[in-house]
Amino acid sequence: MDRAPVVRLSGVSQRYGEAVALEAVDIALPAGCMVGLIGPDGVGKSSLLALVSGARQIQQGRVEVLGGDIGERHFRASVQPRIAYMPQGLGKNLYPTLSVFENVDFFGRLFGQGKKERTARIAELLSSTGLAPFRERPAAKLSGGMKQKLGLCCALIHDPDLLILDEPTTGVDPLSRRQFWALIDSIRARRPGMSVLVATAYMEEAERFDWLVAMDAGRVIGCGTPAELRAQTGQATLDGAFIRLLPEARRQAHRTLSIPPRVPDGALPAIEAEGLVQRFGDFTAVDHVSFRIERGEIFGFLGSNGCGKTTTMKMLTGLLPPTEGIARLFGKAVDAGDLETRKQVGYMSQSFSLYGELSVAANLDLHARLFHLPDDRRGPRVAEMMRRFGLEPYADQAAAELPLGIRQRLSLAVAVVHEPKLLILDEPTSGVDPVARDQFWALLVELSREQGVTIFISTHFMNEAERCDRLSLMHAGKVLASDTPAGLCAARGEATLEAAFIGYLEAATGASRDAPEPVGAPPVEAGGGRPAGRGNGAARPGGFSLRRLLGYAYREALELRRDVIRLGFALLGSVIMMFVLGHGLSFDVEGLRFAVLDRDQSPESRDYIAHVAGSRYFVQRPPLLDEADLDRRMKNGEVSLAIDIPADYGRDLRRGRSPEIGVVVDGAMPYRGETMRGYIEGMHRDYVARLLREQLGDRASAAFDIESRYRYNQDFKSVYAMVPAVIPLLMLLIPAILMALGVVREKELGSITNLYVTPVTRFEFLVGKQLPYVAVCMGSYLLMMLEATLVFGVPVKGSLAAMTLGALLYVTATTGLGLLMSTFTRTQIAALFGTAIVTMLPTLQFSGLTTPVESLQGGGYWIGQFYPATYFILICRGAFTKGLGFADLWPSLLALAAFIPVLTLVSVALLKKQER
Amino acid sequence: MGGFSLSNIFRLGLKELRSLAADKVLLGLIVWAFSGAIYEAATGVSQQLNNAPVAIVDEDASPLSARLAGALYPPYFRAPELIRLDQVDAAMNSNRYAFVLVIPANFQRDLAAGRQPEMQLVIDATLVSQAFIGAGYITRIVSGEVGEYLTGRRDAAPSPIRIATRARFNPNLTGVWFGGVMEAINNVTMLTIILVGAAFIREREHGTIEHLLVMPLRPFEIMMAKIWANGLAVLIGVAFALGVMVRHVLAVPIAGSLALFLGAATLYLFAAASIGIFLGTIARSMPQLGLLIIMTIVPLQLLSGGVTPQESMPAAIQNIMAATPTTYFVRIAQGILYRGADLADIWLDMLLMTGVGAVFFSIALFRFRKAVTQTQI
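Residue numbers (this note's numbering), protein chains in the order written: chain C, 4 to 919; chain B, 311 to 687.
Some hints here could point you the wrong way.
EDC-like mimics (lysine to aspartate or glutamate), calculated; alpha carbons at most 16 Å apart, straight line [said to hold, decoys possible]:
hint, chain 1, residue 1, chain 2, residue 2
1, C, K424, C, E509
2, B, K334, C, E360
3, B, K680, C, E509
4, B, K325, C, D290
5, B, K325, C, D338
6, C, K481, C, E509
Here chain B is said to cover these stretches of chain C; the calculated rule only asks that three of the stretch's residues, wherever they fall, bring their Cβ under 8 Å from a Cβ of chain B [stated by the list, open to error]:
hint, stretch
7, 105 to 111
8, 238 to 251
9, 344 to 350
10, 571 to 582
11, 626 to 640
12, 681 to 690
13, 849 to 863
I should point out that these hints are in silico values taken from the structure, not numbers from a laboratory. Glycine included, each C-beta is placed from N, C-alpha and C at the ideal position.
When you get a sec, could you build the whole thing from the sequences and use the hints?
Structure, rendered in structure tokens:
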């Protein structure tokens, strides 16, 4: 420990809104050893690690990592290939639909390794972690322990000098946990120079670290070797030592928990489960689980994440009907529709179900009301809950702003506000510090022992499991054993519950070869004698690397291929929509309903009406009776055009008195009104001309003639106009919305961290993600072209090459537009909504789809000028109907091409390479 | 589903409104959708002829041909440009002009001599909405101009039958009257479906809906709460859009009762929100929902009669669209706002619209529990 420190923080403070994550932290971490950060959740451990890894922007202070300032952009880019960071949360930076191999392979690409190098390294890593048999399994279907091993493989692919692990074993079963640490030890034996920085909430794990930093409320409250810390505080265990290190006020709240023994009353069991099975497709999440829980008992479910605890609990609450088996609450079969039983049950789900934006008091009040507590009891009950759970100081704070421990207490308070007889608690204490956890358990004990509430609780903490009256050990959907904690230990002949559980796990998995463990395997240096970490093909840090770009493109393509529904929509959605819109959308104005108010009823008037009714544009409705009838029927839209023939029309016509026919057109839809007016006036002229010819012979012909020539579409058939319009419309809306969630989804799900901490640049990230979507959209374009030719009979008359080049430029621009929306929104809803708003109106109205851009006014005109659809519509019309080629289309092609660099640059500028 | 509790629906809805209020970006977008977007749509686009680019090939170079060039003027047409006959093709290929009027040599002389000269009007037929209307305008204007020129010299026989056309409900057929209101309707559809659908998927992804299902609450109550709360937000938006933006800012007269329209809009919101929840029960993730929503909204907007008249569409499309609430709402909205229709005129459409909404609501309700618990993605 006499080497230069690997990490040095000076005066580092970090806050998020009101919350303080780090408060003036000054510390130096020794190199070449395993440094542990200990302390409960929310004390700033994760923030500290994120700062060290370069994932988060430093707000105040200086962080030196591997001999340089990580806050400095160029240094960060050069040092990132030497750091590996595994964020908190099981498999948070992994890609769930990708296989084990593909995940590691992707990280290899990000660090610029060539195919040969990657293959060798991956083979070595997978075999040494025991993941080799699961090479092809999607990450989503791995158990928690396996996910963490995979995460480790991904982190180690580039032989980092500094390995940062944020709570790598939280939520992992004890056997996997042990294997994980053995793996770390063997890696360290191989690469003694590597520094490891670990955050953990498990004190027993911290014992094995070389050096510890104890943290509380954003401050460092102690550091040194485990032995030093224990000696310093005069405590036998680290747990005790940590509690001693806490500030006086917090320590006082803590007292050792004692649980009075339970007196069995032999009454009806509160919960009975018989042979519960739950299958999702071919995956069996819960496999024939049976147990009985007596009234007032505290019954524990112990097991790793993903072993079926939550699914079993959901079956008990009626949320999930079991595939097989039966569950009974208080002797009654669980029925989703039974509201009475639900009133007796309090449920606290793993994901917090509080409403973050509501205050503590409002949350309690809302739940009291939803459970229909009578008005006179509600107030006192809420007040009582606030007092008993120590929530009074926080009454008016929004739940989202509370520290985790307090939020957990509120969740429990909410779950018991209606005095349920049964509590189902799904991992209620994960991530809560030891003091708060003990306080929480004190409340549970009180509920159980004093009020006879039955408690069914799941946990992955051993010391919590020991407090249960009885517990079931769960693994891979099966109950391995059920008994009292002492009984379980005795059965395996072990001293501790942890050892007993590991014994059961080994017995269960030994047969199934779930995790072969070549931990002691002789160290094989993957890179041979090469300098650690920087593979042959690595580009210089900070520079452009095609390999990394293609790495992202490849990964995105794999994900898209796995999501068959999305891929199907992306490819075929536009084909279906084109079919519907191409047939439905039409600017032909036909089938217009008209009626006549014939006040004359003469042969002449009937002749005029017959002339109009004979047109293919008009459909005649029953005659109008009078003015009022005309009024009414126009108002309710039954008639769009009314002809009013005056009395004595026939006589006046015969006498040459030039009678006047009145026509009323429904102007509600101006375009249709104009067209109807055009039709009726044209028909009138024809009628008059015919009349004159009949009366006067040829002498009556007009003084001159205007011959109308409709260019490009002689028959004026709507389909020739619609097909070239619908293609640009669909090629904007669908690609934009496909891409819109590209970045923001990674933000919400956490894999964005890989952008923050690997050498990949923002440009490579964005363009890499965009490429597969451009390819898919081009596929969809080809399908639409086929459809246009074969289904609609609208072939491209001009240059197909020019049109296709235009399409390529266009989808690059439109996916770029979606990407842009994705880079600056924070939630998926906002991205979806924003994209819909910025695409629908401009595409439909301002891009020349219906009205030429030149005819637009004000804002609409300018939006149209700077909108890609405008130019692609011109290209489509040019190529489809005008028979044009490059010679005429190049200005539009050039304009389209100009959108691409602008959109990409703005997206790059808006995307952050670090989290704030 | 048995009984339900109004107070539960009310309480849950209040919670929903608070979540909405907390998302400032979303609120901003909603405000824009009912203010700026309405203004842009109304003033930017006019479906009638406006500023159409025209050129004249004047081979006659007579006083009459000059007079014709002067007769085409803004706002319908841009001041016509004079080009040569050999320039017509290239100019039309590059979209410079929508119409080119070709006046042949000796037009005036032949006209005077009664030789029936022929003018040619070349129209770019790809400009769907303007080609026909514009051709009609030009024909009318040119005929009028020539007629006036002729009447000065010899008596033209008056037409044996005169025609007086007038447009009801929008006498000048101004596009502003149309665009703003239709944009408001489009935004109602889009907002409601996205808001409700996405909020539902988010709650599914976060597991908060599951939590509600463990409490003594019925799916019916949870759905109704989402509908009334989000619906109220949109209703306030559309009331503002029509009452303030359309009526005062754009100065478009509203023919019928705004209250009746808002009543119909409330029923429509129920129907659109039901579609949103329905889509939310089908999609398994937000990206899937996004695509589903686009594929739903675009046909709803384009084929419901708000852009082009529905009676001109093929019967099959009309039948499909009859199963969407938007068709009825567009009809109701046009009826009330333009034609001053009252309840007696629209009650059947209202009934059908609500019925369609109820069907979507029932399907969503049927799928609700399964969709919520089926979180394996």
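>> Which constraints among the numbered hints does this structure fail? Numbers only, ascending.
In response: 1, 3, 4, 5, 7 and 8
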